[in-house]
Amino acid sequence: MLLDKRISFAYIFNKVKSELLIVLIVGLLTNLITLYSHAHLPEMPLTIPTFLGTAISILLSFKMNQSYDRWWEARKVWGAIVNDSRSFVIQLQTFLDTDDTAIIRKLAYRQIAWCYCLGQSLRGLNPIEGIEGLIPANDLIEIQKHTNKPLALLQLHAQDIKALRLTDTIDVFRQVQLDNTLVRFCDSMGKAERINSTIFPSTYRHFLYFIIYLFVVTLSISLRNVQMIFEIPLLLVISAAFFLIEKSAYHLQDPFRNRPSDVSVTAIARTIDINLRQLVGDQDVPEPVKPNEFYLL
Amino acid sequence: MLLDKRISFAYIFNKVKSELLIVLIVGLLTNLITLYSHAHLPEMPLTIPTFLGTAISILLSFKMNQSYDRWWEARKVWGAIVNDSRSFVIQLQTFLDTDDTAIIRKLAYRQIAWCYCLGQSLRGLNPIEGIEGLIPANDLIEIQKHTNKPLALLQLHAQDIKALRLTDTIDVFRQVQLDNTLVRFCDSMGKAERINSTIFPSTYRHFLYFIIYLFVVTLSISLRNVQMIFEIPLLLVISAAFFLIEKSAYHLQDPFRNRPSDVSVTAIARTIDINLRQLVGDQDVPEPVKPNEFYLL
Amino acid sequence: MLLDKRISFAYIFNKVKSELLIVLIVGLLTNLITLYSHAHLPEMPLTIPTFLGTAISILLSFKMNQSYDRWWEARKVWGAIVNDSRSFVIQLQTFLDTDDTAIIRKLAYRQIAWCYCLGQSLRGLNPIEGIEGLIPANDLIEIQKHTNKPLALLQLHAQDIKALRLTDTIDVFRQVQLDNTLVRFCDSMGKAERINSTIFPSTYRHFLYFIIYLFVVTLSISLRNVQMIFEIPLLLVISAAFFLIEKSAYHLQDPFRNRPSDVSVTAIARTIDINLRQLVGDQDVPEPVKPNEFYLL
Amino acid sequence: MLLDKRISFAYIFNKVKSELLIVLIVGLLTNLITLYSHAHLPEMPLTIPTFLGTAISILLSFKMNQSYDRWWEARKVWGAIVNDSRSFVIQLQTFLDTDDTAIIRKLAYRQIAWCYCLGQSLRGLNPIEGIEGLIPANDLIEIQKHTNKPLALLQLHAQDIKALRLTDTIDVFRQVQLDNTLVRFCDSMGKAERINSTIFPSTYRHFLYFIIYLFVVTLSISLRNVQMIFEIPLLLVISAAFFLIEKSAYHLQDPFRNRPSDVSVTAIARTIDINLRQLVGDQDVPEPVKPNEFYLL
Amino acid sequence: MLLDKRISFAYIFNKVKSELLIVLIVGLLTNLITLYSHAHLPEMPLTIPTFLGTAISILLSFKMNQSYDRWWEARKVWGAIVNDSRSFVIQLQTFLDTDDTAIIRKLAYRQIAWCYCLGQSLRGLNPIEGIEGLIPANDLIEIQKHTNKPLALLQLHAQDIKALRLTDTIDVFRQVQLDNTLVRFCDSMGKAERINSTIFPSTYRHFLYFIIYLFVVTLSISLRNVQMIFEIPLLLVISAAFFLIEKSAYHLQDPFRNRPSDVSVTAIARTIDINLRQLVGDQDVPEPVKPNEFYLL
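Residue numbers (the working numbering), protein chains in the order written: chain A, 30 to 326; chain B, 30 to 326; chain C, 30 to 326; chain D, 30 to 326; chain E, 30 to 326.
To be clear, the hints were calculated from the coordinates, so they are not data collected in a lab. Any given hint might turn out to be false.
Note: identical chains are not told apart, hence a pair may lie in one copy or across any two.
What the hints assert, rightly or not - Below are the DSSO-like pairs computed for lysine-lysine, each with C-alpha atoms no more than 27 Å apart in a straight line:
(1) 46 x 276
(2) 191 x 44
(3) 135 x 191
(4) 319 x 174
(5) 319 x 105
(6) 34 x 319
(7) 319 x 44
(8) 174 x 135
(9) 105 x 276
(10) 191 x 174
(11) 46 x 319
(12) 174 x 276
(13) 44 x 135
(14) 44 x 34
(15) 46 x 34
Values in this document were obtained by computation on a predicted structure and should not be read as measured data.
Given only the sequences and the hints, what does the whole structure look like? Please build it.
Structure, rendered in structure tokens:
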């Protein structure tokens, strides 16, 4: 997640440098052609590129909307994971008549592990890195058999809850209520995976770039009578604005790519970590994740 | 689902070749008429076509939005199918007190079959192709009696669950919880069918085309004083941009047509296949579906 | 529901013929005034009508969005009716321990009747036409006492389910689960009634027409120097585009008016009819509703 | 709710008369200044006001969207009240094993009272006017102690249901199902109160007016060379269009203000009244609310 | 929440004074350069800034939409808290067979405390200020151990409900129904925290400012032939309109910052306070929160 701080210029410039290079070349070429063969270039009324510019704004606006919605939905999914993780531990504490808090702690820690594991899995990192201390050794062996590690952890949750019922620590009714919480975990996990694996219609992006370059070419022909020293910067700043917004949208679309614009899943998992440990009465809790220079992962 | 790769130019060009041919003819005709009978063509101020162009962008933006929403809703429906399929197997495993895993495996495999069957049915393919190995022979006979094969499979699920209760393997309470999951399957199936069978208001498309051609005609009249060698390509690229976006929208609208822009239901069903087999402890799972050149089905 | 076929030109033209007549008169009048009293008409810069045209596109876009949403919501409601009808029969089959399938068939057929009855009631047709064969004679007498026939049918459903519990064919728990399904029927019915009885803010439409006519008047004054033979058709086609989109929106707004653009509730009810009959094991099922020339009701 | 009839011109004109007066004064002033001191007024290219006009359309479109959404959400809330009221009575009838219909009728009539009471309370009218005949005298005394009368009625509902359980007329399970319905009533009530008490960000409106007046001033300067007899009406009609749309939005925002554009809560409550009386078997039901000249309250 | 009153000009002006200062400097600089070195400034056709102005409106419209949605979602979350708080107390009253109202009052007052505590916590104020009188001393000690105070209060709720079940005051079934309400509290709390801690993509804002300044620079160059006394105010008012709308959006984005544009959580918590006290039969209830000059917190 990008913070509301001064974002490094290098970070922003890097996003669009290759596009701006193309714009620069287009601008210079048009000027060269104008110099040497004025007669061959057509009259290009300025209304053509400005109408294209308006069209680009409208199409960009659609893209920003949809990309933002994906990013916000991803954030909502992780918000639901926070809420359900908290509810899950409180449910365990109030549904189990036993005074044996070991089983509650076991499930709470596995839930913490699940959050870290899911976050890393979505980002394409090693899903089980750092969760060894949070789950029993058996669990680690068990989840190795599965392609989908977080799903395997949920299955282990369900098995423990089944064991609680078989020993009559909880009745069927409360088991079903706990199952509802597991179903919500399964839903949240699947929703995050869906956002992660579904590619935003890629042709749209190509067509948008196509129109932006069309805008640049027509604008540079329209403005050929303006001095090159004014025209080229104008071309660059206007097209930079378009490309930057498109890139912002492009990055928001895929919020689990280990990039500064990601949903901050590590920080959220750490919040859950702190909350759940305090709910089960632990005193030593980890620190919240510190933000980097201008973002939080 | 189109991948974020270089999409073949032929694929894109094929989408709009007939429209561009019409634009070409319009452009040539206008130029011809201008040549031979200049006096008869009206003055067409350039503001007319550019305002039409802005209007087209706005109307296209509406269409992209709604089409994208249909496509995204279809993807969400299949995401829900993934989530509920996983939850269903975990529920079966934790709700049945029996150690008899045969019945769980039977239901899990039928669930896999249901996913493939639904995907094929939506795409208008043979719904039962390839599912023979996943369900008992009786099931195959039974579903032949139904027009709607996936619905018949759900009914078989429900009958098996009823049998489990009649033998007291589960109680009423857990039966109802499993029934909730079946209701969600029924909902997802119906939602996908709804998207598939509801035609996006087709008049809108006709009116949009009407305005785009109006734009082309007025623009070509406006630009008649520009040399033909510049005017025709300009007409073609601008109208191509509009037609391509419209076509993208048109394809997104109907995400179950066995086209590259489809929701990748086969790949999703395969993911479910792998997950469910691993949940019931099978070792040999199929490979994920490999993407084609630039898309995944 | 309009099909993706060639829609008859007469159908489309009929929608806007009176509006186009007004536009024609405005165009002719302006030309007449120009001829006889040029000096009295003001200079009208073309930017005025074109900016109005852009404004109209934006306002139309809002209207299309909201109208489409109403139509799509109506379609979703009927999709939910499909899903819940199927779930209802499957629930009855798995919740009743009895082998007596007569009661299940009775409820399934009444459910079919409810779908037809609701569709006809929404369209302002005779709600009980054609449902006599599907429900017992008592039911027919009973629902005559109610203004709202579909609601009366739901009450009869509930009474039958109560009777099943009083004879201990089902227990309280399953009764409540069936009640959940009835509540969803009641919700779907009410949602469709809401869309049907709520008038889209009508002033908006008047203001939109007002601006479109303002556009026509200013445009025709702006273009008075263009030859009448070119100006009048241009006026007509541009304003026709606006009026047609507005009319499309207007028709989508009210999707239960027995019009070609309706949600195809009869066809949907027929699908339910076929599905439910096959679920209860009937062999002879009716045919799907055949589409008319260019629409399906 | 405004009907789809001819709405009185006086009603519409009254909404914007003060704004139009200001526009008239601005137009006359500009013309006066032009007459007497032409040199002092700047050149105002027409693109300035027309671009402002486009900006206004876009900002108005946002406002219409959000206002319409509030109004539609309010309508949905009342739709949910309709649905849940019907379900509530059907639930009571099927959940109570007793043949004592008095208690059902008592609850049904109190439910009717709750609908009227909530509607009047939202509109700032006397919340208990007209409901004396529908609830017992004790109830009237009890709700006097509460600031929030509809909430007090819901509490009485809950107490009656508790009494039914204490006498074993219903069991815990059905009590909980009825409680779910009460929770939905509580939600609908709170949602309507939220819409009613939350003020749409008021600065937005001020800024919008600011831009509209800026548009009027710049347009009147731009058009100063047009004859006053044409310019002033043009200024008035264009700005009237903007103001009227803004006013429509403004009225839709607050749908419980006892205005013609309100959600028709009295008529909806009457529909519930008729439905519930027929569900409990009453013969004499009240008439539906008659619409006024051009609206229904 | 800003009220629908005359908002102090100082409040509004303060929001944008630094931006307007920059605009003023840009305007003056351009005029100076024009005076002394006319030849070096390029021709800037007015279509460039006006097309940028249209683009800004479109991008602002997207931002207003998303910001408003965040604010409205925040308001909905607090609406849900109102509804669930009321339902919670009614549930306690009807689910407990005991006549001991002390426990109900204890939970109701803790619920009031939770609302105040959550509101203050979201705004970064001392979360436990003013709630000492509402909860027992033990509770205060207990929540000190937690970073997240409102979550600790929910845990205490759950423990009390567990105690009620252990003493058989309620059965498992009603415990689960109360747990559903606690889950909803947990969800609402987490949703508000999500909105509070998620930063709206900050690059978007930078790019928007970038385009607005680009607009100002190009517009001031375009208008350099207009007298400075007219040009500078025009620059200021148009850019002020853009900046003000951007600032409105920016403030709506973060609705829990102890600012006049906040969601009025203190006032909402007070409403809950009054409602719950009256539900448990208390006579002396606090006064509603009085609005400040032009806002309500």
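**Message:** For residue 46 and residue 319, with the copy left unspecified, which applies at a CA distance of at most 27 Å: within, between, both, or neither?
**Reply:** neither (30 Å within a copy, 34 Å between copies)
**Asked** For residue 191 vs residue 44, is the C-alpha pair at or below 27 Å within one copy, between two copies, both, or neither?
**Response** neither (51 Å within a copy, 55 Å between copies)
**Within, between, both or neither, where residue 105 and residue 276 count as close if Cα-Cα is 27 Å or less** = Answer is both; intra-copy 22 Å and inter-copy 25 Å each pass.
**Asked** Which holds for residue 319 with residue 44 at a C-alpha limit of 27 Å: within a copy, between copies, both or neither?
**Response** within (25 Å within a copy, 31 Å between copies)
**Item:** Up to 27 Å CA-CA - residue 105 versus residue 319, copy category
**Value:** Within one copy, since 22 Å is at most 27 Å while 31 Å is not.
**Request:** At 27 Å max between alpha carbons, let me know whether residue 191 reaches residue 174 within a copy, between copies, both or neither.
**Result:** within (21 Å within a copy, 32 Å between copies)
**Asked** Quick one: residue 44 to residue 135, C-alpha cut-off 27 Å, is that within a copy, between copies, both, or neither?
**Response** For residue 44 and residue 135, the Cα distance exceeds 27 Å both inside one copy (44 Å) and across copies (52 Å).
**Request:** Pop the pair residue 174 and residue 276 into one bin, within, between, both or neither, using alpha-carbon distances up to 27 Å.
**Result:** neither (39 Å within a copy, 44 Å between copies)
**Message:** Within, between, both or neither: how does the pair residue 135, residue 191 come out at a Cα-Cα threshold of 27 Å?
**Reply:** Both: 15 Å inside a copy, 21 Å across copies.
**Prompt:** Is the C-alpha distance from residue 46 to residue 276 at most 27 Å within one copy, between copies, in both cases, or in neither?
**Reply:** Cα proximity of residue 46 and residue 276: one copy only (11 Å, versus 30 Å across).
**Asked** Are the CA atoms of residue 319 and residue 174 at most 27 Å apart within a copy, between copies, both, or neither?
**Response** between (34 Å within a copy, 22 Å between copies)
**Item:** residue 34 and residue 319: within-copy, between-copy, both or neither at 27 Å Cα
**Value:** Within one copy only: 14 Å inside a chain, 36 Å across chains, cut-off 27 Å.
Violation of the numbered hints given earlier is confined to hints 2, 11, 12 and 13; the remaining hints are satisfied by the structure.
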